[in-house]
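Chemist: Spelled out from the first residue to the last, the chains are:
Number of protein chains: 2
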Amino acid sequence: MRDVDPLETEDDSGQTDQTSGPYSAGTSYDDADTEPDSLALEQLKRRGLLPTGLCYDSRMKMHMNAEFSNNAHHPEDPRRIHEIFEAFKRAGLIYQGPPELAARVFKEMPTRYMWRIPARFALDEEICLAHTPAHLSWVKETENMSLAELRELTKRYDSTRESLYVGSLSCYAATLSAGGAVDTCKNVVAGNVKNAFAVIRPPGHHAEMDQPMGFCFFNNVPVAVRTCQKEYPETCRKVLILDWDVHHGNGIQNIFYDDPNVLYISLHVYMDGSFYPGRPENDEIPDGGIEHCGVGAGLGTNVNIGWHAQGMGDGEYMAAFQKIVMPIAQEFNPDFVVISAGFDAADGDELGACFVTPACYAHMTHMLMSLANGRLAVCLEGGYNLDAISNSAVAVARTLMGEPPPQMTIAKLNKEAARVLNKVQVYQSHYWQCMRPGVVDMALAQSNRSQRLHDFVRNAQKDVLMMKHHMVPLYIQREKLHRTFENQVLVTPTIETASKVLIVIHDPPELLSQPDYGDHTRLELHNSFIVDGVTSYIDWARKEGFGVMDINVPNCAERTDASAHMPPQIASLMEWLWDNYIELYDADHIFLLGVGNAYLGVKMLLINRREYTVACRERISGVVNFVNGNLRPVKSQTDDGLSPWYKQNSQVYVAADHNCWLDPSLTQKIEKRRFGTVVRSKESGLTRMMDAHAEDVQRWIQDRVSEEEESGDTTAESA
Amino acid sequence: MRDVDPLETEDDSGQTDQTSGPYSAGTSYDDADTEPDSLALEQLKRRGLLPTGLCYDSRMKMHMNAEFSNNAHHPEDPRRIHEIFEAFKRAGLIYQGPPELAARVFKEMPTRYMWRIPARFALDEEICLAHTPAHLSWVKETENMSLAELRELTKRYDSTRESLYVGSLSCYAATLSAGGAVDTCKNVVAGNVKNAFAVIRPPGHHAEMDQPMGFCFFNNVPVAVRTCQKEYPETCRKVLILDWDVHHGNGIQNIFYDDPNVLYISLHVYMDGSFYPGRPENDEIPDGGIEHCGVGAGLGTNVNIGWHAQGMGDGEYMAAFQKIVMPIAQEFNPDFVVISAGFDAADGDELGACFVTPACYAHMTHMLMSLANGRLAVCLEGGYNLDAISNSAVAVARTLMGEPPPQMTIAKLNKEAARVLNKVQVYQSHYWQCMRPGVVDMALAQSNRSQRLHDFVRNAQKDVLMMKHHMVPLYIQREKLHRTFENQVLVTPTIETASKVLIVIHDPPELLSQPDYGDHTRLELHNSFIVDGVTSYIDWARKEGFGVMDINVPNCAERTDASAHMPPQIASLMEWLWDNYIELYDADHIFLLGVGNAYLGVKMLLINRREYTVACRERISGVVNFVNGNLRPVKSQTDDGLSPWYKQNSQVYVAADHNCWLDPSLTQKIEKRRFGTVVRSKESGLTRMMDAHAEDVQRWIQDRVSEEEESGDTTAESA
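Residue numbers (our numbering), protein chains in the order written: chain A, -7 to 711; chain W, -7 to 711.
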């Protein structure tokens, strides 16, 4: 690639002249007495007795930004690799004694220190295994550019998705970085070292076949993997690349997208494609999307675990490894494993804003070491907090060297992250046996042979309420609402003349079913149960002479896509019911009972009809809500009286396991008036809660009716 | 315990005089040049550089059966530990050079060989941490017994559940075995070794607090664990005991049953309690039952993974570790881990008849090494095939010493074993956060607030068939059948006069629902679908002028308890329907369509009405079955014509993923006539199969009708 090295290696002690480990053919035991039995070299080379390799070369620091502007700090700072190397030294992982003793130390204590693998320049033919010749030429050309040209180039790239700076020695460092990755991987595959860590830069995983991107020129890991596959076709056929950089490795994904022999698994922050590298210009699904599973022969060998948000930590990463990464990796059964090890998901990295601890990096490394006979190479990618990357890298290196990963208390898995993992499982279940339990055949479920269970159940519920209480569907005379709420609003026959009315606004009943573990998610009808806490309240209300309006709100959860339009719909429905029915009723005592997410309807009614003919609350004697989801404030900036009224006239039962009880700042917050009179239930789950508080609620309602009747101050009169 | 050792250790090289590892205070580097930097002892003691300990003492072979009868071979053979020790030697894991060089070798290559931990006699006070003084006295008394008394004792015990032989040196060996376990564990906890393997016998895990049992006198592991907890209260508070012996470790379970600080997890063959140690005399739930989760403060710290059958292998053990053992162990977060390592689940052990490979033992060890900062001690329990236990123990030892576990292709998980894991998850979900996703609140599901979903769905199905085809329920005039089959048999109005009749005997429709991963198994009604493949066949039959009888068989799966009585019930129903209805119909062409497990009804009818007024098959023009469960033979020893008729007049579509296609011996077997004309479907799952073959089936039926009509040879006439 080039004739003259412009710089000498600045450091270090250590044996940079050796390329094949302490047990290479040239090394032999000189003191036969210490090794009296006739163990063959092969037995000595048992991986437990081989050292961990380390590739580091300070010349890779030559790629830098400084010359373009004196105070232009760039996160991909040359000190990154230097700091890691220094941390290795401080941790005692690198031999620092007199060079002349190195050979002896390594012979006697082969696993005591990391074995130095020299970096070298990647060959053109190696780079072209993963890149187009045009791309190689382009990178080479930057060596001949003038400073002005480089400045111009950097200015152009830095402001685009390519996000790159280019210096006169960038090509030099990038070629060394790629070559370092190649020799690191080759030494592991050849069995010269037990495993290895390449502390290299510039990073590689964003570089595409035909363009640089995201601080990356050559995609180091694919260059190294393809080289190993070519040179060791027998022992290195199938390769797993695990990318835990906080950014998606678009370049690696695209290079191997149709390759069945390279499994690419990436854990990264995705944020619906808004996190770097984000959305390509053509506005397709961003590269990091969970939907991308590979193509052609490579279908199934691309696994994207794209987090919904920043802030992920050990709980999420350990769960991802246990539930997705390790099962798929074991089924794939690779011959060689490479970690694209960015440390920007580490606790302390501002760009990543995640919280992965060094202990967790150690555990993930330990798990990956169980694959491929332990043939594992770690190649540095991103990571920009110098302390965080150093501590993380030391933890990984210690684990590679045989230290057990540190004892660790794993935080509880974030619920939304659990959903991400579930989604990944669903996508990958087409390609991996181990991903199938728990995944439903949605194509079949949504075929014309299927019917939505909700309709069955509401029909049955309607039949029961018709039979027991002669309740009838209320026709909703609005086209849009009608379609959604057909059969969903039922009323007792003479509700308009009842003196007491109970309006129940509830979620559909709960469906509980124990999936047949062995048979994926085929649920069994005879082991599935519909659990309904509302009916007993209606039974009670009827017995007490209430008129009842039962409003079933099909799907009021906020997160699913299908229900994005539900809040406006439920608001319209409640307004329409108020204006056309409830307000016109004769009732003296109207109570609202909100159950589950549907209690949004209560809030919407109180807010949107706060200034109607009369404020609707003046007709309402009390509000009872059962909440196991979002707690919803009832307030208005134009109506100071709303929140105090709500506080005084409500009982809001909140599930025992609700987040608001776990976080003291939340617990304090919900004491505010706009959340009503909040009561912590001893139970969780709507049905159990409604059962537990039935007596209290019924007494509370009756007391209010009695008070109003005794004082003559019925809400209707006061209106 | 005793003053004189009756025997000298027979072997070996190695440093039995040292008790605290190569970095103990007494050892120092004599050649400062090889260690030029000033690393502290602590840094040197980093576990990656500590050796793996090995406890072995040939005196434990003194417990033997031979003296009682010359040819009495007993599986718990003294050679067991000897063979393992020899295998370690052959594998080069044990230093065998000149004793005078040992110290130097260990100093220079501390991790090259296993570090010998001498066995010693357990102290009375140590034994009494896990046993009653009475039990200790009883064991000691055996030393003073005459040969005749010992013979008598052995004879008595050998025939009972205690299953024990006692020799004059049994107490001697047992005390050494327990003491060996104690010092092995203590050395690990104290950090003198990285981890350790105690090759000891007699085993311990069946021994109860107050009695010997199953070849065991003292329960070595509990004695050692309690001693460590007592002597290292700070560093060894919480202990995980993982017992992979193929038999349940009843003794360990019972000793720690109420102890919250010792988590006992056992993987064992259970077979509904029929496998040793099986059922205690009082006939409670056998100790090994999944139901046993601990008691009092120890509730949740007992986990039994009891296999339904022998024959388990790597697929099941790896799945158990991934899905149950590791998540619970990580949540428990132990300070110290002990493996009660019987190797009788190993491939080759006749008593265990399981198929765990050495590679799998290595992987399980590797996973456990990630806990408790790597503080792991392995104590031998059972295992009786000398080759199997040696190879397995070597694999475990290599892993302890830092070798990566071997690359392994993991077999697919047995479906029934998957159900066992699911059941364990359900039981443990009360105590472990990590076990909760996927577990239903069955108490709520079966409360009086719930309704069985099956009834909702069948009602809805009935409504559809009534509306579309005016089908009506057939009243079943038999008390017992009526209750089960109310609404389950529907017929078209004039079926008795139809010339063509289709009898459909089917499972309930499938319920597909994607559980909300984050929210346990709360299923959402709007994301749940009822999928039904039968209705389109009925639509077709009606269009073609068939009379239709639709028989819904609520729960015909054979494995669930609820349906144990179903086969006789479905037989009664089919007989009753035949005798009272079908046989009396005018039809010339009767077809049976069996779907799913319910196709048992087709078989029962053909067999039980083979010699009625006329053999029912003479009225039947053809049989079509869709099968994704058991394939059922239709044959009779008194009626040679039945199987050939069935072969000639049936189409039996079998799911693409059915076991019978995977096992060549099964594939051959189902070609026999009694299974009918078996066709491999390209699809799996009843609905997909019925869709895929609708045209073929309909053409096949029509062709038969046409043929019969053309030849005038209708079944009715031929009858």
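By construction, these hints were calculated from the structure, which means they are not laboratory data.
Where hints are given, some of them may not hold.
Heads up, the list lumps identical chains together, so a pair's fine if it works in one copy or across two of them.
Claimed, not checked - Below are the PhoX-like pairs computed for lysine-lysine, each with C-alpha atoms no more than 25 angstroms apart in a straight line:
1. Lys53 <-> Lys407
2. Lys407 <-> Lys222
3. Lys404 <-> Lys415
4. Lys230 <-> Lys404
Chemist: Starting from the hint list further up, note which numbers the structure goes against and sort them upward.
Modeler: 1, 2
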